[in-house]
Each structure stands twice: as C-alpha cells, then as structure tokens.
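Trainee: Each chain is listed here by its residues.
4 protein chains.
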Amino acid sequence: MKVKVGINGYGTIGKRVAWAVNRQEDLEIVGVTKTRPSYEASSALREGLQLYAAHQEDAENFQNAGITTNGTLDDLLGRVDLMVDCTPGGVGERYKPLYDKAGVKSIFQGGEGHELTGISFNALANYHEAWGAPSVRVVSCNTTGLVRTLFPLQQSFGIQKVFASLVRRGADPADKKGAALNALEPSLKLPTHHGPDVRTVMQGLDIQTMAVMAPTTLMHLHCVVVELKEKVSEKEVLEAWSSAPRVRIVSGKEGIKNTGQVMELAKDLGRPRGDLMDIAVWKEGVRVVDSTLYYYQAIHQESDVVPENVDCIRSMMKLEKDNLASIERTDLAIGLR
Amino acid sequence: MKVKVGINGYGTIGKRVAWAVNRQEDLEIVGVTKTRPSYEASSALREGLQLYAAHQEDAENFQNAGITTNGTLDDLLGRVDLMVDCTPGGVGERYKPLYDKAGVKSIFQGGEGHELTGISFNALANYHEAWGAPSVRVVSCNTTGLVRTLFPLQQSFGIQKVFASLVRRGADPADKKGAALNALEPSLKLPTHHGPDVRTVMQGLDIQTMAVMAPTTLMHLHCVVVELKEKVSEKEVLEAWSSAPRVRIVSGKEGIKNTGQVMELAKDLGRPRGDLMDIAVWKEGVRVVDSTLYYYQAIHQESDVVPENVDCIRSMMKLEKDNLASIERTDLAIGLR
Amino acid sequence: MKVKVGINGYGTIGKRVAWAVNRQEDLEIVGVTKTRPSYEASSALREGLQLYAAHQEDAENFQNAGITTNGTLDDLLGRVDLMVDCTPGGVGERYKPLYDKAGVKSIFQGGEGHELTGISFNALANYHEAWGAPSVRVVSCNTTGLVRTLFPLQQSFGIQKVFASLVRRGADPADKKGAALNALEPSLKLPTHHGPDVRTVMQGLDIQTMAVMAPTTLMHLHCVVVELKEKVSEKEVLEAWSSAPRVRIVSGKEGIKNTGQVMELAKDLGRPRGDLMDIAVWKEGVRVVDSTLYYYQAIHQESDVVPENVDCIRSMMKLEKDNLASIERTDLAIGLR
Amino acid sequence: MKVKVGINGYGTIGKRVAWAVNRQEDLEIVGVTKTRPSYEASSALREGLQLYAAHQEDAENFQNAGITTNGTLDDLLGRVDLMVDCTPGGVGERYKPLYDKAGVKSIFQGGEGHELTGISFNALANYHEAWGAPSVRVVSCNTTGLVRTLFPLQQSFGIQKVFASLVRRGADPADKKGAALNALEPSLKLPTHHGPDVRTVMQGLDIQTMAVMAPTTLMHLHCVVVELKEKVSEKEVLEAWSSAPRVRIVSGKEGIKNTGQVMELAKDLGRPRGDLMDIAVWKEGVRVVDSTLYYYQAIHQESDVVPENVDCIRSMMKLEKDNLASIERTDLAIGLR
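Residue numbers (this note's numbering), protein chains in the order written: chain G, 1 to 337; chain A, 1 to 337; chain X, 1 to 337; chain D, 1 to 337.
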C-alpha cells in the first residue's frame with residue numbers, strides 16, 4: 001500500500017513535489033490545497049489531483065468560480081499519512097500545530113527556520129537524521145545546491161573552510177517579488193543565512209557566505225572557494241562530483257556559457273517543465289590553486305529541492321534504509337537518470 | 001510508408017520541428033544537420049536522431065569531439081523527400097539551390113523573403129496554396145500570430161482595417177542577439193515588415209504595423225486594433241477564437257497577467273519544453289468600441305510556427321486535403337488538444 | 001517679491017520640481033517635506049533646502065537621525081503661497097483638505113484624479129484654464145508626452161482620431177515597484193486611462209489607448225497613429241514639432257536608436273541629473289500614409305512634467321499671461337534652451 | 001601655460017576625461033577624435049571642443065554630415081603634449097606607434113594589456129611610477145575599484161590574502177554588447193584577469209578573483225574577502241576608508257540598498273552626468289570575523305577611472321610631485337569634494 005501524501009500549497013514547489021511524488025511506486029498524492037481559484041488550481045484538476053480549499057472561507061470562492069473541491073485542509077489532514085508544506089516562507093510554521101494535532105507527519109521547506117522541526121534534511125548528507133521523525137525541514141534551494149557539491153568534496157578530500165558568494169535570481173519567472181529591474185542588491189546582513197543553514201545538515205563546516213540579488217529569473221549562480229585538506233587535481237574534483245547524485249557537469253566549450261543555456265539544456269534533456277533538478281557545475285570553471293578549489297555552480301531554484309522532498313518522505317516513513325537507494329529510486333522515477 | 005523529412009539546422013526551431021514531425025504517424029525524421037559539435041548536437045543524438053555535418057569541413061570537428069555523424073548534408077539530401085530549412089534568417093536562401101538540385105522539396109522559415117518560394121504559408125489561412133508545391137515558406141512567429149487571430153475575425157465578421165503594434169522580445173532565452181539590457185528600441189523603418197508579411201497569406205488585408213523591442217526573452221506581445229465590417233460584441237469575438245485552432249484564451253482574473261504567467265501555464269499544461277504553440281489572447285483585454293476591436297495577444301516566438309511546418313509538409317506532400325483535418329492530426333499528435 | 005512655494009514629498013518628482021522652481025527668478029522654494037530621514041532628506045539639506053517633517057510623528061525620527069527639520073507640514077503651510085503636492089499617486093487627495101484649510105493654493109500630480117481639482121493642466125494646451133485657480137492637477141508623464149506632440153498637430157492640421165499604444169517602463173531606476181523582471185504585462189482594463197486623461201486637457205479629442213509594461217527603467221515609448229484632417233508630408237509634421245516647445249527630434253542615423261541612447265543624449269546635453277524633460281520623437285520613425293501619421297516618441301517619466309509644474313504655478317499665481325512666454329522663461333532658467 | 005591634451009576616442013570614457021581635464025587649471029583639451037559623425041560628435045562641438053577625424057577616410061563622412069572637423073588625428077598629434085587613448089579595449093595598442101612617432105606622451109585605458117606600457121597606474125597606490133614616463137596605462141574600472149579600497153587596508157593593517165567575486169554589469173546604459181537579457185554568465189577562465197591586474201599596481205598582493213556577468217547596466221558589484229594581518233574592528237575599517245580618497249560610504253539604513261539607489265545618490269549629489277566617480281562601500285555590509293574582513297562595493301564602470309586619468313597626466317608631465325595633492329586638485333576641480 002502506498003504512503004498517502006498531501007500537499008499544502010500548490011504553487012512553485014508544491015506542484016512539482018506533487019508531480020514527483022505521484023511518479024513514485026511507493027507514494028501517492030491524496031490531495032493538494034490552494035487558497036484561490038487561480039489557473040494553478042485548474043492545473044491541479046487537469047493533472048487529476050483532488051483539490052482542497054486551504055481554509056473554510058476559501059471554499060466559497062472555489063464554488064463561485066465553478067471549481068470543484070473535495071473539502072478543506074482539515075478534511076485532507078484526515079486522509080493522509082504525511083503533509084508536505086509548500087506554503088510561502090514563514091507561513092509553514094503557522095500550520096504546524098494543525099498537522100501535529102491531526103497526528104500527521106509533516107515536511108517543511110527552507111523558508112522556515114531550522115528550529116521549527118529541529119531536523120534539516122539533505123538526502124545525500126544526512127538522510128538518516130529524518131528516519132521516522134514526525135517533522136522535518138528540507139533545506140532551501142541554495143543550501144541544497146551547496147551541500148550537493150560540498151558533501152562529496154568533504155567525503156573525498158576533507159574541507160578546511162568554505163567561502164561562497166551567491167548571485168541570486170531576483171524573482172521566479174512567473175513571479176513579481178519586487179526585485180529592482182536594473183540593479184544589483186547586496187544582502188547587507190552578514191554573514192548571510194546561507195552559511196549557518198548549510199551547517200544544519202553539515203555540522204561543524206566552516207563556511208562563510210555573501211549574497212547579491214541580480215535582475216534575472218532563471219537560476220542562482222554561486223562562486224565557491226573551498227580550502228581542501230589535501231592537494232587535489234581538477235580531474236579528481238570532477239570525478240568526485242561525477243559519482244555524486246544530482247550534480248551535472250556542463251561545459252562552456254560545448255556552448256553552455258550562461259544560465260540561459262543551462263536551462264536550455266534542461267529542455268533538451270526532456271525534463272518536465274524544463275526543470276533542472278540537478279546542480280550544474282561548469283567543467284572549465286573548476287580551478288585548483290594549491291589546495292584551494294574554485295568553482296561556479298548554478299541552481300534552479302524552482303526545482304532542485306523536489307527530489308529531496310521525496311527522499312525525505314521515504315526516510316520519515318521508514319520506507320527505505322539506504323539513502324543512495326532512495327535517491328536512485330526517486331531519480332529513476334522522475335527521469336533524472 | 002512515412003514521408004522522409006530532413007532538418008537543416010538543429011537549433012531553436014529545428015529541434016522543435018524535428019520533435020513534432022517524429023510524433024506524426026505519416027512523417028519521420030531521417031536526419032538533422034548541425035555545423036558544430038555543441039550540446040545541441042549531443043541532444044539530437046540523445047533524442048535518437050541521426051546527425052549530419054552541415055558541410056564537409058564541419059565533419060572533422062564532430063569527429064574530433066567524438067560525436068558520430070552519418071555523413072554530410074549532401075548525404076542527407078539523398079535520403080529524404082523534403083527538407084525543412086531551419087537555418088538562421090537569410091541563410092536559407094543560400095541552401096535552396098542545393099535542395100532544388102537534389103530534387104528534394106523544401107520548406108523555409110519566416111526569416112527568408114516571400115520571393116524565395118513565391119508561396120507563404122499558414123495552415124488556417126491558405127493551406128491549399130502549398131498543395132504539391134516544391135518549395136514553401138512558413139511565415140514568421142509574429143505573422144503566424146497575427147494570422148491565427150485575424151483570419152477567424154475576417155471569416156466571421158469581415159475586416160476593414162488593422163493596426164498592430166508589436167512589443168518584441170529582445171532575444172530568445174538561450175540567445176545573445178545584442179538587445180539592449182535596459183532600453184526600448186523602436187523599429188524605425190516604417191511600416192515594419194510585419195504588415196506586408198501578413199498579406200503574403202491574407203492577400204489584400206489593409207494592415208499597418210509598428211514595433212518596439214523590449215528587454216525580455218519570453219514572448220512577443222501584440223496590441224491589435226481591428227476595424228470590423230460589422231458591429232459585434234466581445235462575446236462574439238471570443239467565440240470566433242474559441243472555435244479557431246491554436247488560439248488560447250487566458251484570463252487575468254485567473255492569475256495570468258503577464259507573459260511570465262502565460263509561459264507558466266504552458267508548463268502547467270505539460271507542454272514539451274514548456275512551449276506554448278498556440279497564441280494567447282487575454283479575455284479581459286478584448287474590447288469593442290462601435291465596430292472597432294482592441295485586443296492583446298502573446299506569441300511564443302520559439303514554438304508557434306512548429307505545427308505550421310508539420311501541416312505545410314502534409315500539403316506539399318499531398319497527404320491530407322483538408323486543412324482542418326491536418327491541423328487536428330498535428331495537434332493531437334503533439335498534445336495541443 | 002518671489003512667490004513662496006512649498007513641496008510636499010521630496011521624491012522623484014518633488015526634488016526635481018524644487019530644483020526647477022528655485023531656478024526661476026519669480027519663484028522660490030520655502031521648504032520641502034519628507035516622511036523619513038533617508039538619503040534623499042540629506043540631499044535636500046545639502047541643496048540648501050529647509051526640511052519639514054510630513055507629520056508630527058515623523059519629526060522624532062528625523063531628530064533621532066540627527067537631521068534638522070524646520071517644523072512640520074503644518075508649519076510649512078503657514079509660510080507658503082502655494083504647495084506642489086508630490087506625494088505618491090492617490091495620496092495627494094488626502095492632503096487637499098489641509099492645503100485648502102490653510103488657504104494655500106495647491107498643485108497635484110497625474111497620479112490623482114481629474115475630479116480632485118476639476119482642472120487638469122498642460123502649459124501648451126490649456127495654460128489659461130489654471131489662471132488664478134486655487135487648485136490644479138498637472139497631468140501625468142504619459143499624458144504630458146501625448147499632449148506635447150498631439151497639440152501642435154491639432155493646431156497645424158486638425159486631428160480626426162488618435163490611437164496610441166504605450167510601452168511603459170516597469171519602474172523608475174531607483175525604485176522597486178513590483179514589475180516582473182522578464183515579462184511583458186498588458187493593461188487589461190481597456191481603454192486604458194491615458195486616452196480619457198488626454199481629454200482632460202484636449203477636450204473632445206477622439207483617442208484610444210492600450211498599454212504594455214516592459215522590464216526597463218529608463219523611459220516610456222509610445223507608438224502613435226494619428227488620422228489627420230488633411231494630407232501632409234513628413235517634413236511638415238517635423239516642422240510642426242520643431243517649432244513646438246519641449247519636443248526634441250532625435251535621429252537613429254546619428255546613433256540614437258533606443259531609449260538608452262536618448263538618455264545618453266540628455267547627459268551629453270549637460271542636463272541636470274541627466275534628465276530629458278522634452279519629449280523625444282524619432283525623425284526616421286515619422287511616417288505618413290495618406291492622411292494617417294505614424295510616429296514613435298519616448299517619455300522620460302521622471303522629469304517631463306517638471307517644467308509644467310513651474311508654468312502651472314505662474315498661471316495660478318497670475319504671474320504671466322502668455323503661456324509661450326512662461327514656457328520660455330521656465331525653459332531658459334533650467335537650461336532647456 | 002597649460003599642458004595640451006588630446007583625446008583619441010570621444011566615447012564613454014573619452015568624453016568624461018575631456019570634461020574633467022578641461023576643468024583643471026593646469027590642463028586643457030586641444031581636441032578630440034571621433035570616427036563617425038554621430039550624436040556624440042555633435043555633443044563634442046556643443047561642448048566647445050575641437051573635433052578631429054580619427055582617420056583621413058573618416059573626414060569625408062563628417063563633411064557630408066555637415067560637421068566641421070579641424071583635421072585628422074595626425075594634425076591633432078602635432079598640437080598636443082599628451083594623448084589620452086580612449087579607444088575600445090585592445091584598439092589602443094594599434095595607435096601607440098603613432099603617438100610614439102609623433103613624440104607625444106600617451107595614456108591608455110584598462111582594456112589594453114600591462115605590457116603595452118610597462119607601467120600601470122592608480123593615483124593612490126603608485127602615482128610616482130608614472131613620473132615623467134612616456135606612456136602609462138590607467139587600470140580598468142574594476143581594478144581601480146579594488147585598489148581604492150584595498151590599498152588603504154594594506155597601509156593601515158596589512159593584507160595577508162584577498163578573494164573577490166565580481167558581479168559585472170552586462171553592458172553600459174547606451175550600449176549593446178551582447179550580454180544575455182535574462183541570464184548570469186560566469187567567467188570560466190580562472191583566475192579571472194582582475195587579480196593579476198590588481199598586482200600591476202599593488203605588487204605582490206595575494207589576490208584571487210571570480211566573476212559573473214549579470215543583466216544590469218548601472219554598476220559592477222564586488223564581494224570582497226580580506227584576510228588582514230591583524231585583528232581590527234569594523235569601525236577601524238570604516239575609518240581607514242573615510243580618510244581615503246574616492247571612497248564613499250553608503251548606508252542601507254538611509255535607503256541606499258541597491259546600485260539603482262547608489263546612482264540616484266550620485267544624481268542627488270549634483271554630479272555631472274549623474275556619475276559616481278568614487279567607489280561606494282556599504283556601511284552595514286562591512287563585517288569582520290576574527291581578522292577576516294568581508295565587504296561589498298559598487299563601481300561605476302563609466303566614470304571611476306576618470307580622475308585617475310587626470311592624476312596620471314600630472315605625474316607624467318611632472319606637474320605635481322605629491323599624489324594626494326594631485327588627487328585633491330583633481331577632485332576639487334570636478335566637484336568630488
């Protein structure tokens with residue numbers, strides 16, 4: 001019997017997680033919530049998903065718009081084993097008491113604080129920490145990106161120290177978040193939250209970060225500097241990543257020079273929605289000077305955490321002991337391999 | 001037996017046409033050409049397509065890059081019934097003598113002039129003109145967009161006169177065409193070529209156009225003013241489009257307010273590559289004052305001509321007499337319906 | 001003795017109007033208000049202007065920030081003959097009762113409705129309507145732009161009908177107004193407010209408008225179609241504008257092809273802040289077909305209304321009977337001629 | 001008697017240097033060259049500058065356009081003591097033999113290589129190296145920016161090591177350089193040239209750099225990490241910069257949060273063309289952890305090297321022995337103080 005999963009918030013992340021969960025043989029989506037009868041609500045129905053109004057007071061709006069719902073969040077909570085909270089950052093924590101009260105396990109996204117659940121998750125780095133847990137947070141897109149490439153380096157060579165500067169996309173393609181149209185904006189609160197956030201899954205890592213927001217919608221781009229514990233060659237570094245899951249080496253020489261071309265590759269790969277769930281690292285941008293490694297990586301903020309959510313469910317529901325086995329099952333089911 | 005089709009130029013348009021042709025039961029792609037061993041060449045192979053070097057001198061580059069080709073364009077010409085030329089605008093005309101010499105029919109894109117073939121094509125407006133023809137031009141993305149919405153209006157109500165101002169995207173998402181990053185640029189040569197181009201498929205239409213380039217990559221957006229021959233209601237106009245193929249009504253009230261959200265809808269619809277091959281018309285933006293109609297439409301410049309190429313092949317190869325039947329077959333095969 | 005002017009709201013428009021007023025021999029700025037102790041408040045002091053807290057409760061914030069104010073808006077109202085309200089759109093109407101109560105004349109900007117004052121103003125088209133009036137609205141940047149080029153056409157040739165499509169800048173350079181970073185957004189409410197707004201100063205003009213927001217910060221760009229009452233040559237049209245104030249003919253052949261280059265010209269002209277207070281019309285983009293005129297114009301949204309505010313003061317304070325004389329005095333004082 | 005200066009290339013840098021030189025009491029512009037009769041050529045004449053055709057064959061174009069020139073570059077070379085080469089990057093080196101042959105000193109910009117002159121210049125760091133030299137290169141905008149803030153740190157505290165990641169603007173406001181409209185593009189050649197370039201003026205500095213191009217036109221933004229030789233407080237760092245020339249501390253709390261607002265400040269300061277010739281450092285973005293300093297700085301690529309060119313002339317012409325005295329004279333004359 002499949003584990004029954006609900007999604008609270010069928011937006012950028014929610015719709016992708018719903019899609020990915022429904023493609024797993026051991027999981028199924030029972031329903032998704034939406035606050036408003038928008039085109040995304042219609043999309044959920046078109047996908048064959050059952051729709052629930054987030055709140056009782058929203059239900060009427062759906063009715064007026066002629067969109068059928070199967071009840072409210074409360075009803076959905078009675079029908080699932082686990083909820084994946086995909087509400088906007090900071091909103092999830094308001095829902096946690098409801099999930100807890102209903103006796104339903106819950107996953108939150110990186111917009112919530114680590115303290116909300118006490119457990120932050122990355123499938124490669126600390127899958128076991130979520131084992132059987134009632135409530136877990138999947139770290140943000142940027143943190144997921146950093147962990148995906150740093151963890152293999154730590155395993156293979158040991159890490160002394162990390163510095164990363166993050167050039168952040170200003171808003172998602174279909175979003176208006178108030179980024180300046182033609183300006184760069186530094187995150188003045190230093191260190192930015194990204195370093196401490198990486199430490200929620202890679203305890204004790206010495207990492208500092210800075211961040212700049214740029215007027216682009218496609219991807220974040222990181223400049224990463226890693227002082228390794230040993231001297232390595234660029235080839236060894238690339239090999240460490242080649243065997244790591246959800247890292248994809250791209251090449252400027254083959255015509256992939258910017259994030260627009262990285263996303264074009266994702267489309268060429270036939271990925272659903274044109275998403276790139278893996279982290280793109282530029283082959284020619286990997287450089288080692290003594291034992292210091294420099295590299296660039298691009299993060300598709302809309303999708304990289306999606307497979308992590310799937311693995312997190314497996315660990316919390318004790319469906320698969322081995323993290324690499326879960327990763328493989330997830331990725332095969334959604335076409336990442 | 002399927003009609004054998006080759007693609008010259010596996011880029012933005014070429015790769016989409018290849019995909020669409022291969023999904024038709026009466027057509028098949030025999031091979032595609034590429035000038036350089038880029039990631040797009042690798043994508044072609046990954047798709048199971050046979051790759052040909054555009055020129056003899058390119059062949060070596062592929063070999064050096066370890067990419068297998070099946071020969072050159074000359075070889076491909078010997079194996080196909082029809083070539084779809086998807087080379088950059090203005091380049092196609094240099095290839096026409098080769099296609100002609102090989103006795104192979106040819107389709108060109110809107111970047112070429114009407115005179116090259118003497119026949120310009122839109123599946124709805126003048127399918128029959130391409131019947132059995134040796135060489136046809138499929139009109140550009142903007143012209144296709146205008147014809148898709150104007151032709152049904154002309155059929156239903158009669159058109160006195162049209163004015164359209166086109167806000168053009170500066171470059172495609174993976175492209176760098178030299179658009180200014182933060183400026184608007186008018187097409188100073190008036191009238192722009194768009195009006196005369198519409199007349200290549202809708203003879204005699206009184207249409208004037210102006211155009212402005214904007215720093216965006218997603219879609220073109222047209223403001224269209226049509227003086228109709230009779231007074232109509234907005235509802236009648238929307239009905240005329242509802243029954244027209246490849247026109248999609250979108251709604252600001254349902255959350256689709258800009259071209260970013262139109263493209264998000266395309267992804268939600270599960271469209272390959274996240275493309276929107278139909279023309280998006282905003283429901284709330286349709287307005288009739290006396291017998292003058294105002295409306296906005298958005299054109300996905302990378303993909304709207306793709307199904308037109310398929311229909312054009314059918315007409316040229318005399319595979320299907322009825323244009324609406326061809327349109328339906330094409331659209332069903334690629335998931336537009 | 002100079003007329004004493006106050007500015008409520010020292011932001012994008014307010015600081016420019018303050019600068020321009022202070023350069024007139026018959027006008028002087030007594031003080032400007034600000035709600036917050038920002039860098040713009042410091043700039044006002046650096047300019048030698050006296051600063052007033054917009055509200056009593058703001059006064060403390062200035063004190064805490066170590067910025068000296070000369071009192072509050074109430075104090076300022078007691079010291080001026082006329083207030084220019086430069087608060088954000090829709091906010092001005094809340095202040096009108098205060099101005100009225102203080103017996104101070106007031107000017108509002110185009111973000112307010114025509115009904116607020118019953119008189120809308122353009123120096124060229126209807127200067128006399130503001131004569132001695134207690135309260136007047138200077139029309140918006142886009143309306144000002146349309147009137148500057150349409151009025152001379154109406155005077156010279158007569159206008160049958162106008163259609164304009166406006167490509168609007170998404171936000172000002174130092175602003176974050178929530179425009180989408182990489183999308184085009186049509187104004188779905190048709191007709192847009194621009195047409196009726198033009199009629200507040202050019203009564204009875206038959207004009208329809210559509211508008212699209214683009215991700216750029218520099219200027220608006222209009223595509224204008226005018227059915228004239230007589231056949232004219234392109235040369236005659238250009239001559240009509242050459243003798244009109246605050247219209248500047250630019251040329252693509254001389255390297256001014258987009259709004260980035262128009263603004264570069266403004267800098268080359270030594271204009272303060274790099275502003276272009278005149279409307280830029282492209283010489284090569286002027287085209288007449290029969291008696292229909294097509295042209296492109298660019299509007300610097302931050303500054304084109306600035307000299308209009310100065311002339312409006314003169315008319316309201318009965319300082320100068322002749323509008324062209326006022327325009328000349330204004331323009332000479334601020335370097336437009 | 002004033003030193004006679006010519007400018008080869010009246011573009012982005014050339015017109016600014018011409019303006020700044022002409023405001024110095026010991027220097028004067030004799031003439032400027034231009035290749036084409038564009039609006040910028042007209043601007044030069046409007047500024048009262050004498051115009052020279054870059055080449056004999058260009059002279060005719062000016063004549064046809066009705067623009068008066070005073071001869072060609074060859075003529076200009078006979079009338080000056082020193083040429084400032086402001087031709088596009090990499091072009092300057094082709095002109096050097098002409099300058100040398102004419103016995104005229106020459107200054108090149110950062111687009112040329114260090115080897116061209118053997119001396120690279122920053123007024124603060126190595127003014128004396130240009131003393132009496134025949135030919136000197138003023139380093140690029142990014143290098144100038146790094147040196148302006150790093151040199152004071154080195155003087156005050158000593159520097160162990162520097163890492164900087166540069167978020168580069170894609171093109172200048174009036175330019176179309178082919179930057180992608182909505183993508184981020186890393187400089188894949190590592191280390192980027194910026195580190196070695198800093199060492200041309202700060203010999204022996206241990207510095208590494210990475211760079212990412214973003215779709216913005218206003219400024220570059222640097223994330224800088226400096227390992228200092230001693231522990232310092234953030235206050236001490238800010239003090240070191242306060243007393244350094246051409247560094248300006250800006251504050252997010254005062255409303256300057258992004259590069260759009262930095263440039264707005266420059267306009268509020270009444271700077272010519274709205275340029276910010278000083279380097280902007282964010283007060284709240286300065287952070288020290290142990291002896292590692294993190295900070296953000298913004299560089300106005302169009303103008304920061306302008307005063308450096310003036311000082312460079314003084315050193316080469318032996319007009320002023322003390323660099324700080326030259327810097328002060330330059331800055332006072334152009335309103336930087």
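Just so you know, these hints were derived from the structure itself, not from any lab. The model shown is predicted, which means the values in this text are computed figures rather than measured ones. Each hint should be verified, as a subset may be incorrect.
[To be verified] Cut-off 25 Å, straight-line C-alpha distance, at most; resulting in silico cross-link-like pairs (DSS-like, lysine-lysine): (1) D/161 <-> G/231; (2) A/176 <-> A/161; (3) X/235 <-> A/189; (4) X/189 <-> G/176; (5) G/161 <-> D/253.
Trainee: So, for every hint listed, does it hold in this structure?
Mentor: A quick look at each hint next to the structure:
For the suggested pair residue 161 of chain D and residue 231 of chain G, the alpha carbons sit about 19 Å apart, so the restraint of at most 25 Å is met. With a C-alpha separation of about 36 Å, the suggested pairing of residue 176 of chain A with residue 161 of chain A is violated against the 25 Å cut-off. Straight-line distance between C-alpha atoms of residue 235 of chain X and residue 189 of chain A comes to about 16 Å, which keeps the hinted pair within the 25 Å bound. Taking the CA atoms of residue 189 of chain X and residue 176 of chain G, the gap is about 20 Å. The hint holds against a cut of 25 Å.
Restraint check: the Cα-Cα separation between residue 161 of chain G and residue 253 of chain D comes to about 31 Å, which exceeds 25 Å; the hinted pair is violated.
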